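Q: Spelled out, the chains give:
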Amino acid sequence: MKLYQLTINQAKEGLKKKKFSVKELVNSCLEQIKNLNPKLNAFITVCEEEALREAKKKDLEVKKSRNLEIFEKFPLFGIPVAVKDLFCTQGIKTTAGSKVLENYIPVYDATVIKRLKQAGAIIIGKANCDAWGHGSSGENSDFGPTKNPFDETRVPGGSSSGSAVAVATGMGLAATGTDTGGSIRLPAAFCGVVGLKPTYGRVSRFGVIAMASSLDSIGHFTKSVEDSAIFLGVTAGNDPLDATTSPLAVPSYLKNLKRKIEGIKIGLIEEYFDRGMDKKIESQTIRAVKKLEKRGAKIINISLPHSKHAVATYYIIQPAEVSSNLGRFDGIRYGFTRDKFGAEAKRRIMLGTYTLSSGYYEAYYLKAMKVRTLIKKDFEEAFRKVQVIVAPVSPSLPFKFGEKTENPLQMYLSDIFTISANLAGIPSLALPIGFVDDLPIGIQILGPQFSEELLFQVGWVYEKE
Amino acid sequence: MSNVKCQMSNLSREEVRHIAKLARLKLTEEEVEKFQQQLSEVLNYMRVLNDVETKDIEPTAQVTGLENVFREDEVSPSLEPQQVLSGAPAREGNLFKTGVVLEK
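Protein chains in written order, with the working numbering: chain A, 1 to 465; chain B, 1001 to 1104.
These are calculated hints, taken from the structure and not from any lab test.
Owing to the predicted nature of the structure, the values given are computational and were not obtained by experimental measurement.
Heads up, some of the hints might be wrong.
Said to hold, decoys possible - Lysine-lysine pairs mimicking DSBU-like chemistry, simulated, CA-CA at most 35 angstroms apart:
no., chain 1, residue 1, chain 2, residue 2
1, B, 1021, A, 99
2, A, 291, A, 99
3, A, 400, A, 290
4, B, 1055, A, 377
5, A, 346, B, 1021
6, A, 404, A, 99
7, A, 464, A, 385
8, A, 265, B, 1055
9, A, 346, B, 1026
10, A, 464, A, 16
11, A, 340, B, 1021
12, A, 376, B, 1055
13, A, 346, B, 1097
Pulled out of the complex, with its shape left as it was, chain A reads as follows:
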């Protein structure tokens, strides 16, 4: 087994037992980047020099550490992590996938980056993404699309396209991502990796370039559920610099990870199965749910009556917030002028400007905020009957490049199963469940706000099955 193929947990064990050095681990990922990135375009910036410098420092620390307590103290010690280029990294170019920020070098770290560094992680590079997080395919990056490693003629899913591809190919052992409407879960499913969209407010948004502030969730990609739990243990928690972060204590996600799920009630959303899903994805989803049933879960049909309005609701609220957040880019304090916005950013700014403008605000924005209330209530209702909900991530397989670029509405409909979680602010864990026609597919496990611990438990049981 090559070092880049290891999970975080396996890599930590190997480092502890001195089977290999941090430098060797970092080099293994860098080697993958050199071999694959020219084809796949998963990175906008590779931090080779910085990563190797950091690795050298870490190896010295291992030498000095008598009983290897550093591995207990630093849960991500020496772990190479790819960072979506939406996260500010001090001294390292941060573009948001847009030419507007092609020359932007932040003078501070996002809170998540600070926490990852404090936990011993090594930033291996800045991952490609749809510009500003706008997209479901990765095709909206101003620095060229990222390709799906399973079929280079197909999209890897977006917007966290490079992050998902980096983890799927071992160009990093984990990666950060953002999920405003499915931007972690969709690429996770399309690339066959584990993706977590945490509860809104569980992880700080400070220093992450804002897309839609009431929807943005900061999460990550890993190869296993256990790794996802380790990673969230580092990133989660209150941050005085983001007033929407919850003051709730962060549980020890690993402590009860391997708990049995006997008797747990799992909901299947009736409406999702009526709505033009690929038949093979449908049958694989059912097969995955049966596995959980075998481990003692009870499967119950539930209804989310307003879920059919989620896409319309989301594509009013999200561009409205986008138009406001992108208003700050004026090319005066940093970056280039607004002439450099790409087509999709312009489209969303225009949509949002329109729906917020006088005469249209009530018909669109206010109406959407009211339907959002109903969508959220549907989930609250459902979670009285079941503890978690299982659903497919995507209604279709990874699509071909160019298939949806000329029809924005078709592209927006790719998010049909993912955006409800963002509107309701609930967490969702995307898991790979196998292949259809040699392409990866995934399910998501959704739970009430702050139920990540439970999602990991269910996910862990599935993974072991």
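Starting from the structure of chain A, add chain B where the hints point.
A: Here is chain B on its own, set in the frame of chain A:
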């Protein structure tokens, strides 16, 4: 005002230009045409929301339930002027330099 509805809206070129102006975006004529069609299609899709009864429903602007998050008003370290200005394309001393906003 729950009777306000999304109308069948095919945006005119003039409207597209007006929205672009509000958003400080410069569009080419081709873009105006493309956006006219694409934005109209998206806005027409939004009309499905007209079917939802929202009388007496409170709007949701945020999902955390947190209210009035305060902190002590204490002075803490902030960025140095040199850092703040490090990305500015044009500056004068410790100031950002901008184009003229108000003509004489």
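Q: Now, for every hint given, state plainly whether the structure supports it.
A: Each hint, compared with the structure:
1. B/1021 with A/99: holds, 21 angstroms
2. A/291 with A/99: violated, 46 angstroms
3. A/400 with A/290: holds, 31 angstroms
4. B/1055 with A/377: holds, 15 angstroms
5. A/346 with B/1021: Answer holds: residue 346 of chain A to residue 1021 of chain B is near 12 angstroms, not above 35 angstroms.
6. A/404 with A/99: holds, 22 angstroms
7. A/464 with A/385: Distance ~26 angstroms between residue 464 of chain A and residue 385 of chain A Cα, so the pair holds.
8. A/265 with B/1055: holds, 33 angstroms
9. A/346 with B/1026: Distance of about 10 angstroms is within 35 angstroms: holds.
10. A/464 with A/16: holds, 25 angstroms
11. A/340 with B/1021: The hint holds at about 16 angstroms.
12. A/376 with B/1055: holds, 16 angstroms
13. A/346 with B/1097: Status holds; Cα separation ~26 angstroms.
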